[in-house]
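> Residue numbers (my numbering), protein chains in the order written: chain A, 1 to 225; chain B, 1 to 233.
Errors might be hidden in some of the hints.
What the hints assert, rightly or not - Cβ pair distances, simulated, as ranges:
1) A:Asp220 x B:Ser140: 19 to 25 Å
2) A:Val130 x B:Gly108: 31 to 37 Å
3) B:Ser140 x A:Leu35: 23 to 29 Å
To be verified - Cβ-to-Cβ under 7 Å is the rule here; a few derived chain A residues that face chain B:
4) Val31
5) Arg79
6) Thr160
7) Met169
8) Leu170
9) Leu180
10) Ile181
11) Phe207
12) Val221
Please keep in mind that the hints were generated in silico from the structure rather than gathered at the bench.
Yeah, the Cβ is synthetic: ideal placement off N, Cα and C, and Gly gets one too.
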Amino acid sequence: MTRAIRHITMLTLKDLRIEARGRQTIGLVVVLAVLIVVVLALGLGSGGGAGGLTATAILWVAYLFGGVLIFEKTMAVERHDDALAGLLLAPIDRGSIYIAKLLANLVLMFALALVVTPVGIMFFQFDLSVAPGGFALVMAVSMIGYAAVGTLFAALTSSTRLAGGLLAMLVFPITLPVVLISTRVLANLFEHGTSLAGSGLALLIAFDLMFLAASWLVFDVVLEA
Amino acid sequence: MKSTPVRIVGPVYWVVTFGLLAAVTAMMVWWTPREETMGDVQKVFYIHLPAAINTFVACFVVFIASVMYLLQRRSWWDDLGFAAAKVAVLLASIVLLTGMIWGRSAWGAWWQWTPRLTFSLILWLLYVVYLMIRPSIESSQRRALICAVYGVIAFMDVPLVWLSTKLLPDIHPKSISMAPEMRLTLLAWFVPMTMLAAGLLVASMRINRLQRAASEPAEELDEPRLVPAGGQA
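Construct all of the structure, not just a fragment, from the sequences and the given hints.
Structural data, given as structure tokens:
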């Protein structure tokens, strides 16, 4: 167990160190996400006509596209110079590789959210002060589910010609329930003041657990080729 | 190419299927009484429900084929998954269209974000993607692997989609009280609809196998029986 944890920490830090030194992903992703928010804000009428909870939907669009780019980039690092072969030869459990990739992806996604969320909230005059903790919790739980599926499919598609486009095609429909649930839960929370303990959050957690377990199990087969 | 039983059974099967389809359509149009509030539009329901049930069965076949592919890595399972996904998308389209026609008459709009319509739409999207990604992956083994993993994950997603759409406000009828003739028509529709789904699945499967045999060297095929070389198919 401690060995696995050591492996996971080592691999996660490796990915984050590569990112910290090259800064190839996060800058790109943040700018893309901000662009998406700006385009949608302008398109929907910047006069604040589409205020309030529209912000959560628009933030989701930014998270989804930013996420795809993050998943693809962190996996592409392994394809470079055949680093993946080295990783597979190392005496490390494939499940640990998956968890490490997932953690690195999550750190990057949270970093993305940290920059983009305030931008979205500002543009759409969304009053976060009603339940900032609830908002953060719902979004974090949703992102874990999204990253769980995204990390798995990034490993699958990274060797194909269309990598990024294909990844988006595969991950978006599967993530639709997460988007649906989290926007509904936030709507209830912010508009009706319903507590988070309702079925919505539990469903999100169920999604996370189910896809974490499934991805962890299948990852073994996925990495072979 | 085809063995004699296949040559006879195939056409007979389709003649029976389309004959039954014509019979239940006639039954639906002339024999079944009109519903009081909805009028004739209510009759799409007889197509809607059997198509919906068969969609789930087709999705389940995709799931089973995907799991089996991951376990055995035989191209046969990939072809089955592909065939079942095609049937699933076709049936899901029927479900969506009939649902929309019904909704137009009942709610005055072609589309409402009700739980079941949303659910059908997401289900349709999930399996359309399965079909759409296939041509864009060159390596056949990679394609089979990606589709198999997707087939498993997509099927696991279905109950979550269902539960998540429950959070939307519902105006869909929960249960419908039906006259005995109506119930009989509905039951009758299940037979040709299921036969149609099964027949399409088998036909599509045969096409997939022949296409694979034509495009890949024989030694890569793990089911030599199906290689068209004058043997039995």
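> Could you run down the list of hints and mark each one as holding or not?
Here is how each hint holds up against the structure:
1. A:Asp220 x B:Ser140: 19 to 25 Å: holds (21 Å)
2. A:Val130 x B:Gly108: 31 to 37 Å: Between valine 130 of chain A and glycine 108 of chain B, where Cβ atoms are some 35 Å apart, the hint holds.
3. B:Ser140 x A:Leu35: 23 to 29 Å: Violated, at about 37 Å.
4. Val31: violated (27 Å)
5. Arg79: Result: violated, 13 Å to nearest chain B Cβ.
6. Thr160: Holds: closest Cβ of chain B sits about 5 Å from threonine 160 of chain A, inside 7 Å.
7. Met169: holds (6 Å)
8. Leu170: holds (6 Å)
9. Leu180: holds (5 Å)
10. Ile181: With Cβ-Cβ at 5 Å, under 7 Å, it holds.
11. Phe207: Since chain B brings a Cβ to about 5 Å from phenylalanine 207 of chain A, closer than 7 Å, the hint holds.
12. Val221: Holds, about 6 Å.
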